[in-house]
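Fit chain B to the given chain A structure using the hints.
There are 2 protein chains.
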Amino acid sequence: MIEVEVKAKINSFDEMEEKLSKIGALKTKKEFQEDIYFNSPVVDFAKTDEALRIRTTTEDEKTNIFITYKGPKIDQKSKTRHEIEMGIEDAKKCAGIFEAIGFRNVRTVRKNRQYFTYEKFEISLDDVEGLDPYMEIEIGLNDGEDYNEAQNSIFELFEKLGITDGFERTSYLELLENLNNN
Amino acid sequence: MIEVEVKAKINSFDEMEEKLSKIGALKTKKEFQEDIYFNSPVVDFAKTDEALRIRTTTEDEKTNIFITYKGPKIDQKSKTRHEIEMGIEDAKKCAGIFEAIGFRNVRTVRKNRQYFTYEKFEISLDDVEGLDPYMEIEIGLNDGEDYNEAQNSIFELFEKLGITDGFERTSYLELLENLNNN
Chain A
203 MIEVEVKAKI
213 NSFDEMEEKL
223 SKIGALKTKK
233 EFQEDIYFNS
243 PVVDFAKTDE
253 ALRIRTTTED
263 EKTNIFITYK
273 GPKIDQKSKT
283 RHEIEMGIED
293 AKKCAGIFEA
303 IGFRNVRTVR
313 KNRQYFTYEK
323 FEISLDDVEG
333 LDPYMEIEIG
343 LNDGEDYNEA
353 QNSIFELFEK
363 LGITDGFERT
373 SYLELLENLN
383 NN
Chain B
203 MIEVEVKAKI
213 NSFDEMEEKL
223 SKIGALKTKK
233 EFQEDIYFNS
243 PVVDFAKTDE
253 ALRIRTTTED
263 EKTNIFITYK
273 GPKIDQKSKT
283 RHEIEMGIED
293 AKKCAGIFEA
303 IGFRNVRTVR
313 KNRQYFTYEK
323 FEISLDDVEG
333 LDPYMEIEIG
343 LNDGEDYNEA
353 QNSIFELFEK
363 LGITDGFERT
373 SYLELLENLN
383 NN
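So the sequences go chain by chain: A and B. Going by this note's numbering, the first sequence opens with residue 203, and the numbers climb by one from there. Going by this note's numbering, the second sequence opens with residue 203, and the numbers climb by one from there.
Here chain A stands alone, though its shape is the one from the complex (with noise of 0.2 Å):
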């Protein structure tokens, strides 16, 4: 799958929240998600601009546990990426078995994330443990499809919502990483 992703800080998430409410966003489910990520031991994903990743999603009681890998960023302007993600039954056996092949445990990164739809869009409002607040509007393509009409249209919704600039291409693990080193 080919994720066109991109990611603006805003100045709230209330005053976001009534503007998404105005034109007829929906607001969906709120998930806290806890990320483990991962380097390689035969590349650093930090240059190469890839990322492996344990996902624990938790929805009220229901617990969901995924493998997300995210290959290197193909455009200058978003996030837009290949993604494969797939579920599994437990993150500490996952956890030892990337351990156990040579992976070393980086950083967890926790949020609560507020998601909303709106046409073909998926909207996230993201309050990052650390971080200020982000909105991330994505779309989902299938391999091969074009992604520069998708992610002229998430730019034109940034802009309907009264979001020009505060774009960011760096990851939350990366803009952590980046807190963390100064």
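No lab work stands behind these hints: they were computed from the structure. Where is the CB? At the ideal position from N, CA and C, for every residue including glycine. One or more of the hints may lead you astray.
Said to hold, decoys possible - DSS-like, lysine-lysine: derived pairs with alpha carbons at most 30 Å apart:
#  : chain 1 : residue 1 : chain 2 : residue 2
1  : A       : Lys279    : B       : Lys295
2  : B       : Lys275    : A       : Lys294
3  : B       : Lys295    : A       : Lys322
4  : B       : Lys294    : A       : Lys322
5  : B       : Lys295    : A       : Lys264
6  : A       : Lys231    : B       : Lys294
7  : A       : Lys264    : A       : Lys232
8  : A       : Lys264    : B       : Lys294
9  : A       : Lys313    : B       : Lys295
10 : A       : Lys249    : B       : Lys211
11 : A       : Lys295    : B       : Lys295
12 : B       : Lys264    : A       : Lys295
13 : A       : Lys275    : B       : Lys295
14 : A       : Lys322    : A       : Lys294
15 : A       : Lys232    : B       : Lys295
16 : A       : Lys229    : A       : Lys313
17 : A       : Lys295    : B       : Lys275
18 : B       : Lys294    : A       : Lys294
19 : A       : Lys295    : B       : Lys249
20 : A       : Lys294    : B       : Lys224
21 : B       : Lys313    : A       : Lys295
22 : B       : Lys232    : A       : Lys295
23 : A       : Lys221    : A       : Lys322
24 : B       : Lys294    : A       : Lys275
25 : A       : Lys322    : A       : Lys231
26 : A       : Lys295    : B       : Lys294
27 : A       : Lys275    : A       : Lys313
28 : A       : Lys294    : A       : Lys224
29 : B       : Lys362    : B       : Lys224
30 : B       : Lys362    : A       : Lys295
31 : B       : Lys229    : B       : Lys275
32 : A       : Lys294    : B       : Lys249
33 : A       : Lys313    : A       : Lys279
34 : A       : Lys294    : B       : Lys295
35 : A       : Lys264    : B       : Lys224
36 : A       : Lys231    : B       : Lys295
37 : B       : Lys279    : A       : Lys295
As the list claims (entries may be wrong) - Anything over 12 Å on all C-beta distances counts as not near chain B; from chain A, calculated:
#  : residue
38 : Glu233
39 : Gln235
40 : Glu301
Chain B only, in chain A's frame:
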């Protein structure tokens, strides 16, 4: 988990089924197992005596999929190893993730496995594509439990079933690789 496991070549499945029935072993599920083995970009698993595989099991209409990591054998007589096994959603997505993070698909091993249980033992009659008939006897232990006693009891059970030689510490994967290289 520690998997204490001993494998031996047998003459015939029918003859062994009869012996197992005589001692009171219970015939349980029969599965078709397809194992896709991967090698590491860092070390050669054939040399480090590790294994990483995706196993798809089919029993009647029911399919289950797992990732299994097996550590190196930890004794000289049996195939006792540290093992981590975890259920996953999709074999193809998983192969895609393994390949994306640098692992290489080396071989697929297919077999029909008939399971039996007897006391604390799990017994398998393994009809592996391309190999002679084999039987495996296994006991699962928790990490830290002593495996010597378990191992001795496995060899006693083999003797009870008339098998005192033909033991094989080489995995089905390696047996098939060796056949192909000769």
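To see whether the hints hold, each was checked on the structure:
1. In summary, the hint linking A/Lys279 to B/Lys295 is supported, as the alpha carbons are separated by about 28 Å, within the 30 Å threshold.
2. Only pairs whose Cα atoms come within 30 Å are accepted, and B/Lys275 paired with A/Lys294 is accepted, the gap being roughly 23 Å.
3. A C-alpha spacing of about 24 Å is found between B/Lys295 and A/Lys322, which places the hinted pair at or below 30 Å, so the restraint holds.
4. For a cut-off of 30 Å, the pair hint linking B/Lys294 to A/Lys322 stands: about 27 Å separates their Cα positions.
5. Of the pairs offered as hints, the one joining B/Lys295 and A/Lys264 holds, with about 23 Å between alpha carbons and a cut-off of 30 Å not exceeded.
6. Between A/Lys231 and B/Lys294, the direct Cα distance comes to roughly 28 Å. Compliance with the 30 Å bound is thereby established for this hinted pair.
7. Restraint check for A/Lys264 and A/Lys232: satisfied, since their Cα atoms lie roughly 11 Å apart, inside the 30 Å limit.
8. Taking the CA atoms of A/Lys264 and B/Lys294, the gap is near 26 Å; set against the 30 Å cutoff, the hint holds.
9. Of the pairs offered as hints, the one joining A/Lys313 and B/Lys295 holds, with about 26 Å between alpha carbons and a cut-off of 30 Å not exceeded.
10. Straight-line distance between C-alpha atoms of A/Lys249 and B/Lys211 comes to about 50 Å, which puts the hinted pair past the 30 Å bound.
11. A threshold of 30 Å between alpha carbons decides the hint, and for A/Lys295 with B/Lys295 the separation of about 18 Å falls inside it, so the pair holds.
12. A hinted pair counts as satisfied when its Cα atoms are at most 30 Å apart, and B/Lys264 with A/Lys295 qualifies at roughly 23 Å.
13. For the proposed pair A/Lys275 and B/Lys295, the alpha carbon gap of about 20 Å is at most 30 Å, so the pair holds.
14. Simply put, A/Lys322 and A/Lys294 have alpha-carbon atoms about 35 Å apart, too far for the 30 Å limit, and the pair is violated.
15. For the hint linking A/Lys232 to B/Lys295, the alpha-carbon distance of about 26 Å falls within 30 Å, and the restraint holds.
16. Proposed proximity of A/Lys229 and A/Lys313 is supported: the alpha carbons are some 17 Å apart, at most 30 Å.
17. A threshold of 30 Å between alpha carbons decides the hint, and for A/Lys295 with B/Lys275 the separation of about 20 Å falls inside it, so the pair holds.
18. Distance check on the hinted pair: B/Lys294 and A/Lys294 sit about 22 Å apart at the alpha-carbon level, within 30 Å; holds.
19. For the hint pairing A/Lys295 with B/Lys249, the CA-to-CA distance comes to about 24 Å; that is within 30 Å, so the pair holds.
20. In summary, the hint linking A/Lys294 to B/Lys224 is not supported, as the alpha carbons are separated by about 42 Å, beyond the 30 Å threshold.
21. The hinted pair formed by B/Lys313 and A/Lys295 meets the criterion: a straight-line CA distance of about 26 Å does not exceed 30 Å.
22. For the suggested pair B/Lys232 and A/Lys295, the alpha carbons sit about 26 Å apart, so the restraint of at most 30 Å is met.
23. Between A/Lys221 and A/Lys322 the CA atoms are separated by roughly 18 Å; this keeps the pair inside 30 Å, and the hint holds.
24. Proximity of B/Lys294 to A/Lys275 is assessed by CA-CA distance (about 23 Å); at most 30 Å being required, the pair is judged to hold.
25. Simply put, A/Lys322 and A/Lys231 have alpha-carbon atoms about 17 Å apart, close enough for the 30 Å limit, and the pair holds.
26. For the hint pairing A/Lys295 with B/Lys294, the CA-to-CA distance comes to about 20 Å; that is within 30 Å, so the pair holds.
27. With a C-alpha separation of about 22 Å, the suggested pair A/Lys275 and A/Lys313 falls inside the 30 Å cut-off, and the hint holds.
28. For the given pair, A/Lys294 sits about 42 Å from A/Lys224 by alpha-carbon distance, which is inconsistent with the 30 Å threshold.
29. Between B/Lys362 and B/Lys224 the CA atoms are separated by roughly 11 Å; this keeps the pair inside 30 Å, and the hint holds.
30. Between B/Lys362 and A/Lys295 the CA atoms are separated by roughly 36 Å; this puts the pair beyond 30 Å, and the hint is violated.
31. Restraint check for B/Lys229 and B/Lys275: satisfied, since their Cα atoms lie roughly 28 Å apart, inside the 30 Å limit.
32. A threshold of 30 Å between alpha carbons decides the hint, and for A/Lys294 with B/Lys249 the separation of about 27 Å falls inside it, so the pair holds.
33. For the suggested pair A/Lys313 and A/Lys279, the alpha carbons sit about 24 Å apart, so the restraint of at most 30 Å is met.
34. At most 30 Å may separate the alpha-carbon atoms for a hinted pair to count; A/Lys294 and B/Lys295 meet this at roughly 20 Å.
35. For a cut-off of 30 Å, the pair hint linking A/Lys264 to B/Lys224 is broken: about 47 Å separates their Cα positions.
36. Between A/Lys231 and B/Lys295 the CA atoms are separated by roughly 25 Å; this keeps the pair inside 30 Å, and the hint holds.
37. Distance hint between B/Lys279 and A/Lys295 is fulfilled; the C-alpha atoms sit about 28 Å from each other, no more than 30 Å.
38. At roughly 18 Å from the closest C-beta of chain B, the C-beta of A/Glu233 stays outside 12 Å, upholding its exclusion from the interface.
39. Its beta-carbon lying about 18 Å from the closest one in chain B, A/Gln235 satisfies the requirement of being farther than 12 Å from that chain.
40. Its beta-carbon lying about 10 Å from the closest one in chain B, A/Glu301 breaks the requirement of being farther than 12 Å from that chain.
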